[in-house]
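Visitor: Next come the chains, spelled out residue by residue.
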Amino acid sequence: MLPSELISWDNAVFRCYLGWSMILLFKMFALSILAGLMRFITSTFANPEDLMSPKLKVKFDDPNVERVRRAHRNDLENILPFFIIGLLYTLTNPSAFLAITLFRVVGIARIVHTLVYAVVVVPQPARALSWFAAYGATIYMAVQVVVTAAF
Amino acid sequence: MLPSELISWDNAVFRCYLGWSMILLFKMFALSILAGLMRFITSTFANPEDLMSPKLKVKFDDPNVERVRRAHRNDLENILPFFIIGLLYTLTNPSAFLAITLFRVVGIARIVHTLVYAVVVVPQPARALSWFAAYGATIYMAVQVVVTAAF
Amino acid sequence: MLPSELISWDNAVFRCYLGWSMILLFKMFALSILAGLMRFITSTFANPEDLMSPKLKVKFDDPNVERVRRAHRNDLENILPFFIIGLLYTLTNPSAFLAITLFRVVGIARIVHTLVYAVVVVPQPARALSWFAAYGATIYMAVQVVVTAAF
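Chains as they are written, first to last, in my numbering: chain V, 40 to 190; chain G, 40 to 190; chain D, 40 to 190.
Note that these hints are calculated values from the structure, not bench results.
These numbers come from a predicted model, not from an experiment.
Misleading hints may appear alongside valid ones.
Because identical chains share one entry, a pair is satisfied inside a single copy or across any pair of copies.
No farther apart than 25 Å at their CA atoms in a straight line, the calculated lysine to aspartate or glutamate pairs in the DMTMM-like style are these [stated by the list, open to error]:
(1) K66 with E116
(2) K94 with E105
(3) K66 with E88
(4) K66 with D101
Could you build the full structure based on these sequences and the hints that come with them?
Guide: Here it is in structure tokens:
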């Protein structure tokens, strides 16, 4: 089967990849809004032109804003690679059951990661476990891509 | 029409996606150079091995350097997702007029965002509006991808 | 030749792109682990829920942790764009020799960049040169994509 034939609406793996990728995009983009809200609530603005009142000064160390920014950066480190690895993994024609399970693991794990990091702080190891689940699933997909490309 | 047939030089939407993606890549990469220039101009180096003179010390809080770095990070949060969402949206076979308009909105809005943030500081809401324009257009594309994948 | 025919296991350029992309993914993901290790070694935790002992306080300025984080952020700025530009460049049907050379330059340069930045600190211009090599090769590929899309 040609890889390009797998980029098809009839391919359940491709559709599942699209669905979870877009859910993770919405989740990641929601953190931009949450960071903005936190800046307004705590009056923490990083640029002079953003200050809403002449009494305010730029501020960089509000723990609530920084927490959301760390969660967002963690998304950049993990979700953005998944966008491309998930697509390339789809091209290797994986078993539908395995591929859909892996996409679900990444999707759910990254949503849980954001919830326990930036929305309601949950004691460790909640964040560590959710981070590892998505990390491991992404590495497994990347290994499959390398193996398919090499042999 | 098969999605893979849309990845074609005859498809104006695909070519428009390529053009604007590469313009945004050049724009984003230009911020790396601008950040480097700002570091030299203000003698703000983050690593001991970068110090040009034994009199200098590592410094992390120059407002000009940090401003360019914030603009660059905002690009990572918004342009990198567009690279993949724009490609997947192209695969949904959208109307050429709508798709080309959306790519132009993202491309122009992100260029304006960088100009008013990191080159010539313009009072708000210039940066907020340019940020929202690209954000909204990207979300619209992602919704179309989900809808096409789901039905 | 249709671009979608180039997404094929018979295309040496596509396989080379996949191989180096996944190597760079593993390299980038390794920095997450290295940053975590550095946090444990230096007891530098950014979140109250991560503190291993009630005597510890959150800390943001450990130079070893921050060095790894800067190397990681530099990867986000350079490797993530390569993931998509490398794929789009493959679609332009480049000469195999040139394309494979460019992928090797990006791959090796980014590995060297990480080694001299975050593993064993090597005096400049080691880091600057490795950064420029990958940066230049990526820009060359992007220019080829624009030229192919435009004409």
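Visitor: Kindly indicate which numbered hints from before are broken by the structure, ordering the numbers from low to high.
Guide: none
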